[in-house]
Amino acid sequence: MDTKEIILDLRTKKGLSQDELAQKVYVTRQAVSRWENGETVPNTETLKLLSKLFDVSINTLLGEPRKLICQCCGMPLDDTTISKEPDGEFNEEYCKWCYTDGKFTYSSMEQLKEFMIGHMSNEQWKPEEVKTYLDGFLPKLAHWKK
Numbered sequence: 002m003d004t005k006e007i008i009l010d011l012r013t014k015k016g017l018s019q020d021e022l023a024q025k026v027y028v029t030r031q032a033v034s035r036w037e038n039g040e041t042v043p044n045t046e047t048l049k050l051l052s053k054l055f056d057v058s059i060n061t062l063l064g065e066p067r068k069l070i071c072q073c074c075g076m077p078l079d080d081t082t083i084s085k086e087p088d089g090e091f092n093e094e095y096c097k098w099c100y101t102d103g104k105f106t107y108s109s110m111e112q113l114k115e116f117m118i119g120h121m122s123n124e125q126w127k128p129e130e131v132k133t134y135l136d137g138f139l140p141k142l143a144h145w146k147k
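Under our numbering, the letters of the sequence shown match residues 2 to 147, in that order.
Everything labelled a hint here was simulated from the structure, so no lab data went into it. A quick note: this is a predicted structure, and the numbers were derived from the prediction, not measured. Ideal Cβ positions, reconstructed from N, Cα and C, are used throughout, including at glycine. Wrong hints could be hidden among the right ones.
[As the list claims (entries may be wrong)] No farther apart than 25 Å at their CA atoms in a straight line, the calculated lysine to any residue pairs in the SDA-like style are these:
id, residue 1, residue 2
1, Lys85, Ser108
2, Lys97, Glu65
3, Lys53, Ala23
4, Lys114, Gly64
5, Lys127, Tyr107
6, Lys141, Glu130
7, Lys49, Gly103
8, Lys14, Glu37
9, Lys114, Gly89
10, Lys68, Lys25
11, Lys141, Ile70
12, Lys85, Pro140
13, Lys85, Glu130
14, Lys104, Met76
15, Lys49, Glu21
16, Lys85, Gln125
17, Lys25, Thr13
18, Lys5, Thr82
19, Lys104, Lys127
20, Lys68, Glu21
21, Lys127, Lys141
22, Lys114, Glu65
23, Lys85, Gln31
24, Lys85, Val26
25, Lys132, Asp80
26, Lys49, Gly64
27, Lys85, Ser122
28, Lys49, Trp98
[To be verified] Restraint ranges, calculated between C-beta atoms of paired labels, are given here:
id, residue 1, residue 2, range
29, Lys15, Glu90, 30 to 40 Å
30, Met2, His120, 30 to 40 Å
31, Glu115, Asp10, 33 to 43 Å
32, Phe138, Thr41, 32 to 42 Å
33, Gly16, Asp79, 16 to 26 Å
34, Gly64, Ser34, 16 to 26 Å
35, Lys127, Asp88, 21 to 31 Å
36, Tyr27, Asp3, 38 to 48 Å
37, Asp88, Gly64, 18 to 28 Å
Just need the whole structure built from these sequences, with the hints factored in.
Encoded structure:
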């Protein structure tokens with residue numbers, strides 16, 4: 002879906018008129034109409050307000066142009082797994098299991114690996130194989146490059 006369809010869909014699901022949405026995000030009704038007709042896209046600050054109002058990520062509002070993954074564990078991210086800051090704003094860098102309430106869950110890569118090995122290994126993928134994979138994959142993620 003395009004941004005125009007997403008905004009229209011979210012607005013109608015919330016039962017808002019274009020006027021009501023415009024008031025909530027401090028723009029004109031005409032601006033909302035232009036978004037929904039695909040003539041323009043909301044600016045960054047307005048996208049943040051829409052994200053909060055509809056409880057979806059900016060990535061979702063823009064039609065998911067980026068395939069997001071947690072920069073701590075590598076899990077694919079969507080609106081149900083993305084972490085949030087203490088003020089409720091989405092943090093599109095991390096999953097809600099690695100970063101919660103402004104704090105990181107894992108204090109070391111070894112701690113994360115131990116958890117992941119326990120949950121990823123099975124009959125087809127032995128713990129040693131999972132560890133080897135994680136040893137090569139996790140250091141490439143932004144959180145562990147710091």
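Practice task
Enumerate the violated hints, using their earlier numbering and listing them in ascending order.
Solution key: 4, 9, 10, 13, 16, 19, 20, 22, 23, 25, 27, 29, 35, 36
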